[in-house]
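There are 2 protein chains.
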Amino acid sequence: MKRCRNGEIWDFEAMATGREVILGLDGGTTSTVCICMPVISMSQPLPDPLPLLARAVAGCSNHNSVGEDAARETLEQVMADALSKSGSSRSAVRAVCLAVSGVNHPTDQQRILNWLRDIFPRHVRLYVHNDAVAALACGTMGQLHGCVLIAGTGTIAYGFTEDGRDARAAGAGPILGDWGSGYGIAAQALTAVIRAYDGRGPHTMLTSNILRTLDLSSPDELIGWTYADPSWARIAALVPEVVSCAEAGDEVANRILRDSVQELALSVKAVVQRLGLCGEDGTDSFPLVMVGGVLEANSRWDIGKEVIKYISKEYSGAFPIRPKVEPAVGAALLAWNSSMKESKKEAYIR
Amino acid sequence: MKRCRNGEIWDFEAMATGREVILGLDGGTTSTVCICMPVISMSQPLPDPLPLLARAVAGCSNHNSVGEDAARETLEQVMADALSKSGSSRSAVRAVCLAVSGVNHPTDQQRILNWLRDIFPRHVRLYVHNDAVAALACGTMGQLHGCVLIAGTGTIAYGFTEDGRDARAAGAGPILGDWGSGYGIAAQALTAVIRAYDGRGPHTMLTSNILRTLDLSSPDELIGWTYADPSWARIAALVPEVVSCAEAGDEVANRILRDSVQELALSVKAVVQRLGLCGEDGTDSFPLVMVGGVLEANSRWDIGKEVIKYISKEYSGAFPIRPKVEPAVGAALLAWNSSMKESKKEAYIR
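If you read the sequences in order, they're chains A and B.
Note that UniProt numbering has the first sequence beginning at 1, numbered continuously upward.
Note that UniProt numbering has the second sequence beginning at 1, numbered continuously upward.
In short, the hints are calculated from the structure, not lab data.
Check before you lean on any hint, since a few could be wrong.
[To be verified] Here are a few chain A residues that sit away from chain B, every Cβ distance over 12 Å (derived from the structure):
{"#": "1", "residue": "GLU8"}
{"#": "2", "residue": "PRO45"}
{"#": "3", "residue": "LEU46"}
{"#": "4", "residue": "GLY67"}
{"#": "5", "residue": "ASP69"}
{"#": "6", "residue": "ASP81"}
{"#": "7", "residue": "SER89"}
{"#": "8", "residue": "ARG168"}
{"#": "9", "residue": "TYR183"}
{"#": "10", "residue": "GLN188"}
{"#": "11", "residue": "THR191"}
{"#": "12", "residue": "GLU221"}
{"#": "13", "residue": "THR226"}
{"#": "14", "residue": "LYS269"}
{"#": "15", "residue": "SER338"}
[What the hints assert, rightly or not] Just a sample of chain A residues kept apart from chain B, beta carbon distances all over 10 Å, derived:
{"#": "16", "residue": "SER41"}
{"#": "17", "residue": "ASP48"}
{"#": "18", "residue": "ARG55"}
{"#": "19", "residue": "GLU162"}
{"#": "20", "residue": "ALA167"}
{"#": "21", "residue": "ALA187"}
{"#": "22", "residue": "HIS203"}
{"#": "23", "residue": "LEU211"}
{"#": "24", "residue": "GLU247"}
{"#": "25", "residue": "ASN254"}
{"#": "26", "residue": "SER267"}
{"#": "27", "residue": "GLN273"}
{"#": "28", "residue": "ARG274"}
{"#": "29", "residue": "GLY293"}
{"#": "30", "residue": "GLU296"}
[To be verified] Heads up, incomplete: computed chain A residues facing chain B, CB under 8 Å, no partners named:
{"#": "31", "residue": "VAL66"}
{"#": "32", "residue": "LEU113"}
{"#": "33", "residue": "LEU116"}
{"#": "34", "residue": "ALA170"}
{"#": "35", "residue": "ALA172"}
{"#": "36", "residue": "ILE175"}
{"#": "37", "residue": "LEU176"}
{"#": "38", "residue": "ARG195"}
{"#": "39", "residue": "ASP198"}
{"#": "40", "residue": "GLY199"}
All C-beta atoms, glycine included, are put in the ideal place defined by N, C-alpha and C.
Just chain A, with the same shape it has in the complex (with noise of 0.2 Å):
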């Protein structure tokens, strides 16, 4: 193990005691969770609650929003204080797994494995992954097998084999069309509402609803409310808006709800079919994770629901799970099924 550059911030390891431990970390662009649990077996069932001994939060750790070396900087930090809260120090540390939004190429994977490298002793195993793999784990309690749908202000469906491949479909933003998602619903709402009042497009009750969410009162108005603050996360907050308006009939806001179901069930189905993972007669078990503002329930309109229903009549094996444990928790699970699995291995080797 190197000097980190950082050292004080390990300071706090000299009152440590040596009880095994594993870390999960969740890195997104909002917010980075830590998780420290006790090595545990991972014989089904797993015990309920999960023993957990830390979580520790901080700020953005996507590489790609706020820099390689700020991003660095908040990893090693929120991974200290999950051990420091728990008693721990890195040398008890069996397995980290870190995973990342902005994580998308094996070049970006092998950058922060590099520097994880320099942090941790030798013996500690190592995962970096895309915070997508984080979703799926948290629904598969560890298992790197099915796929996983989140739709919250963007969305993305991620998957894998249990023999390790992997595929992803959307995930590319709002320009390239990632429509089923939470930014995608409401800017077709917003848009519904000019076209309502320029003349092409039907009148909807999105118009009222909106403006008064907004405090605005001309639909003209939208256009510079719009384009003061391009943040998505700002547009996607206007789903419930959308939801509610369908609830109450509105056939505008249901067509865009109903467009949003179909776009999301692309995805997985994408997904599914390049991995194979129904098996060849369409009817294997496989696990859907479904994640996400978006596809939580509602009073009547459940977005999850249906496309859930939609991807069923397909794929009869689906097997849906709304996760009951964050994704940080399903990060480090991960990470100790993944050292397991590498351990027998090497027995086997030796």
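With chain A fixed as given, assemble chain B onto it according to the hints.
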């Protein structure tokens, strides 16, 4: 006439002749053009070519982009340049028409009129419009009647009745669904490439064509390329690739262009309908001015021609015009026309 802030920019006036002139200005987000014309007889036909005394060019004059002060300074300077080049002075100006992008509300119009009034002597007639109005006037040679369709990076349809009512459709930018625009066409093409790549859409020639143009090796690199620079014009610059794929028979590219034609035609129809430009039985004659890169002819796929076909089916009186003079000339003709009408009205009242 009050002293203007930048007194020195008008120093040339001491040398000016007394010949009466008109100023027409077309101010956009990329550049601003000011034309100085001698006073001519507005009886038809107009002289061809039109007598122009001077043409001056400056940068952006959209107050939303550069701020109020910088916009005002640019506008004043480019008018001074045009007058100086033509050897005229402010007291020789009969009428000025400023057609500037970003003028959307009567309050924008009034603010600009207020400071214009400080620059010119009291007898000068002043007119302020949105830049789409200059585009209409350059097709109608100064008549404020009919509908203009502009489709470049963005798109807008704008129309006027002979008694001065106006209406617009689209022009709300890409987030708010201007899908027929150059940006809209190109963004849909990029989306089609991503969808083909991740298994959500059919194979398309657009993939190899666009990757070659952008010097990228894989569709997933498009994500980085797209978000590295959010300029709409940079994305809209891919329209020729879509047209060439469509001309080579690619079905995906053809569908994108057909959809664009529908969207553009829908904007025109909304304006024509709201203003009743086609008369009660739908057969009245009205000018339909077509402006912008997207509407220009290509070897086989002519988007502008297809839009005209579509509109003419519904409104047999639509009279398509592809302007031969630039919008600043349209603004000058409009200034002269409006000022003649006002003079007549005043003479009648006296």
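Against the structure, the hints:
Every Cβ of chain B is farther than 12 Å from the Cβ of A:GLU8; the closest lies at roughly 36 Å, confirming the non-interface assignment. Distance to chain B confirms A:PRO45 as a non-interface residue, since its nearest Cβ pair spans about 35 Å, more than 12 Å. Against the 12 Å criterion, A:LEU46 stays outside the reach of chain B, whose nearest CB is about 33 Å from its own CB. Residue-level check passed: A:GLY67 sits 15 Å from the nearest beta carbon of chain B, beyond 12 Å.
No Cβ of chain B approaches the Cβ of A:ASP69 within 12 Å, the least distance being about 20 Å, so the stated non-interface status holds. Its beta-carbon lying about 31 Å from the closest one in chain B, A:ASP81 satisfies the requirement of being farther than 12 Å from that chain. For A:SER89, the shortest C-beta to C-beta distance to chain B comes to about 38 Å, beyond the 12 Å cut-off, and the non-interface label holds. With 12 Å as the threshold on Cβ separation, the claim that A:ARG168 sits away from chain B is violated: the shortest Cβ distance comes to roughly 7 Å.
With a least CB separation of 9 Å from chain B, A:TYR183 falls inside the 12 Å interface cut-off, contrary to its annotation. The Cβ of A:GLN188 does not lie farther than 12 Å from every Cβ of chain B; its closest approach is about 8 Å, which violates its non-interface assignment. The claim that A:THR191 lies off the interface is violated: its Cβ sits roughly 3 Å from the closest Cβ of chain B, which falls inside the 12 Å cut-off. Non-interface call for A:GLU221 relative to chain B: violated, since the shortest CB-CB distance, roughly 9 Å, does not exceed 12 Å.
With a least beta-carbon separation of about 5 Å from chain B, A:THR226 fails to lie farther than 12 Å from that chain, contradicting its non-interface assignment. Non-interface call for A:LYS269 relative to chain B: violated, since the shortest CB-CB distance, roughly 8 Å, does not exceed 12 Å. Every CB of chain B is more than 12 Å from the CB of A:SER338 (nearest about 25 Å), matching its label as outside the interface. Annotated as non-interface, A:SER41 keeps its C-beta farther than 10 Å from every C-beta of chain B; the closest such distance is 38 Å.
In this structure A:ASP48 is separated from chain B by more than 10 Å, as the shortest Cβ-Cβ distance comes to about 36 Å. Interface exclusion of A:ARG55 from chain B stands, the closest Cβ pair being 32 Å apart, more than 10 Å. For A:GLU162, the condition that its CB be more than 10 Å from all CB atoms of chain B holds, with the nearest at approximately 20 Å. Some Cβ of chain B comes within 10 Å of the Cβ of A:ALA167; the nearest lies about 8 Å off, and the non-interface call is violated.
The beta carbon of A:ALA187 is not kept farther than 10 Å from every beta carbon of chain B, the shortest such distance being approximately 6 Å. No beta-carbon of chain B is positioned within 10 Å of the beta-carbon of A:HIS203; the least distance is around 14 Å. The beta carbon of A:LEU211 sits about 14 Å from the closest Cβ of chain B, which is more than 10 Å, so the claim that it is off the interface holds. Residue placement check: A:GLU247 keeps its beta carbon more than 10 Å from all beta carbons of chain B (closest about 24 Å).
Every CB of chain B lies more than 10 Å from the CB of A:ASN254, the least distance being 18 Å, so the non-interface label holds. With 10 Å as the threshold on Cβ separation, the claim that A:SER267 sits away from chain B is violated: the shortest Cβ distance comes to roughly 7 Å. Listed as outside the interface, A:GLN273 is inconsistent with that label: its C-beta sits roughly 6 Å from the nearest C-beta of chain B, within the 10 Å cut-off. Taking the minimum C-beta to C-beta distance to chain B, about 5 Å, the non-interface status of A:ARG274 is violated against the 10 Å cut.
No beta-carbon of chain B is positioned within 10 Å of the beta-carbon of A:GLY293; the least distance is around 20 Å. At roughly 24 Å from the closest C-beta of chain B, the C-beta of A:GLU296 stays outside 10 Å, upholding its exclusion from the interface. With a cut of 8 Å, the hint placing A:VAL66 at the interface with chain B is violated, because the nearest CB-to-CB distance is about 15 Å. Restraint check, A:LEU113 versus chain B: the minimum CB separation of about 20 Å is more than 8 Å; hint violated.
Taking 8 Å as the C-beta contact cut-off toward chain B, the hint placing A:LEU116 at the interface is violated, the least distance being around 24 Å. About 7 Å separates the beta-carbon of A:ALA170 from the nearest beta-carbon of chain B, less than 8 Å, and the hint is met. Given hint, A:ALA172 at the interface with chain B, holds; its Cβ is 5 Å from that chain's nearest Cβ, closer than 8 Å. For A:ILE175, the suggested interface contact is upheld, since its CB lies about 5 Å from the closest CB of chain B, less than 8 Å.
Interface restraint check for A:LEU176: the shortest CB-CB distance to chain B comes to about 5 Å, inside 8 Å, so the restraint holds. The criterion of a C-beta within 8 Å of any C-beta in chain B is met by A:ARG195, whose closest approach is roughly 7 Å, and the hint holds. With a least beta-carbon distance of about 4 Å to chain B, the hint placing A:ASP198 at the interface is held under the 8 Å criterion. Look at A:GLY199: its Cβ gets to within about 4 Å of chain B, closer than 8 Å, so that hint holds up.
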